[in-house]
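S.K.: Sequence:
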Amino acid sequence: MKSNSLTFTRKINRFAIGLILFEIAIVVIYLGSIFATGTPDPPFDMNGKMTVPSLLQSSHLLAIGLISLFLFLKLPRDRGRPSHRFMLSTAILLIYGAIDEVFKIHLHLADFLPIEKRSWMVIYAIVFFGLPTVFYRDLLFLWRHHRRETSFALLGMVIFAVGGFLGELLRDFLIFPVTYKIFSVRDIIAIYENIDLVESFRIAFEEFFELSGETFVLYGFMLFAANKIASPE
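At position 233 of the sequence shown (counting the first as 1) the number is 233 in the working numbering, and the numbers step up by one without a gap.
Honestly, the hints are just simulated from the structure, not real lab data.
Take these hints with a grain of salt, some might be off.
To be verified - Ranges between beta-carbon positions, derived for each pair:
#	residue 1	residue 2	range
1	R144	V28	24 to 32 Å
2	H84	T9	22 to 30 Å
3	T39	F129	31 to 39 Å
4	A36	P114	43 to 51 Å
5	Y124	P42	23 to 31 Å
6	R81	R202	27 to 35 Å
7	R81	E199	39 to 47 Å
8	P42	L73	16 to 24 Å
9	V134	I99	16 to 24 Å
10	R144	S119	31 to 39 Å
11	L107	R81	31 to 39 Å
12	K74	T133	21 to 29 Å
13	L197	G130	30 to 38 Å
14	T39	L88	15 to 23 Å
Stated by the list, open to error - In the PhoX-like style, the derived pairs of lysine-lysine whose C-alpha atoms are separated by at most 25 Å in a straight line are:
#	residue 1	residue 2
15	K11	K74
16	K104	K49
17	K49	K117
18	K11	K228
19	K228	K74
20	K117	K104
Given the structure is predicted, the values throughout are model-derived calculations rather than measurements.
Each residue gets a CB set at the ideal place from its N, CA and C atoms; glycine is no exception.
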């Protein structure tokens, strides 16, 4: 059983490394096509819908959600920690996240809710940081008893947060406002002639951090699930 577990772990390691390399390749293709033609290659547009990066992000989230759902169904209900509520809540949120990544639901929330167009960031941030707060006992248990797996998952969450939230905040509250304060109108016009290139780099930064962050979280969840399969007790 131990030999099978080690073999499975090696396969997970190779899979995670392959994902990271593929994500780097996506960034290279995206920026390379912009430098070569002025526009991103449509299948690899990191700011588009139903593209390779978008579907890959959705696949990451769906996989993590399904692993959580699998653990919710597999782990005995009298086991204690991690709790079934934690696993089920994680599964629901991540499966929703996978759907959102494909159909960009967050961009249309203002059409259905009495909120400003970009208020989705506040709502998603509350959910993102609220889940660990509500289930902190589960996280403490995982940290004490499954530190390696938990470390990778938490690292992924930090990387994802840096890319997902910081990238948006830099654009809306720092780059644009500071540009208008420092430069004259003529300078701004000259700068924004190349704004597509600047924005492309920001998008590449944001999306790569989200993709790689999700990969680390998925890696942690896969290691944890493999551990539970190999040692259910």
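S.K.: Does the hinted range 31 to 39 Å hold for L107 and R81 at CB?
M.R.: holds (37 Å)
S.K.: For the hint 39 to 47 Å, verify it against the beta carbon of R81 and that of E199.
M.R.: holds (44 Å)
S.K.: Holds or violated: the 22 to 30 Å window for the beta-carbon distance between H84 and T9?
M.R.: Since H84 and T9 have Cβ atoms about 26 Å apart, the given range 22 to 30 Å holds.
S.K.: Is the distance from the Cβ of R144 to the Cβ of V28 consistent with 24 to 32 Å?
M.R.: Given about 40 Å between the Cβ atoms, the range is violated.
S.K.: Given a hint of 23 to 31 Å, does the C-beta separation of Y124 and P42 actually sit inside it?
M.R.: holds (27 Å)
S.K.: For a C-alpha distance cap of 25 Å, please report whether K228 and K74 respect it.
M.R.: Holds. K228 to K74 sits at ~9 Å (cutoff 25 Å).
S.K.: Taking 31 to 39 Å as the stated bounds, is the beta-carbon spacing between T39 and F129 within them?
M.R.: holds (36 Å)
S.K.: If you check the beta carbons of A36 and P114, does the distance land in 43 to 51 Å?
M.R.: holds (45 Å)
S.K.: Would you mind confirming whether the straight-line C-alpha gap from K117 to K104 stays at or under 25 Å?
M.R.: holds (13 Å)
S.K.: Falls inside 31 to 39 Å, the C-beta gap from R144 to S119?
M.R.: For S119 against R144, whose Cβ atoms are near 37 Å apart, the range 31 to 39 Å holds.
S.K.: At the C-beta level, are L197 and G130 separated by a distance inside 30 to 38 Å?
M.R.: 37 Å Cβ-Cβ, so the 30 to 38 Å window holds.
S.K.: Is 16 to 24 Å respected by the C-beta to C-beta distance linking P42 and L73?
M.R.: Given a distance of about 39 Å, which is not inside 16 to 24 Å, the answer is violated.
Consistency note: the structure conflicts with the earlier hints numbered 1, 6, 8, 14.
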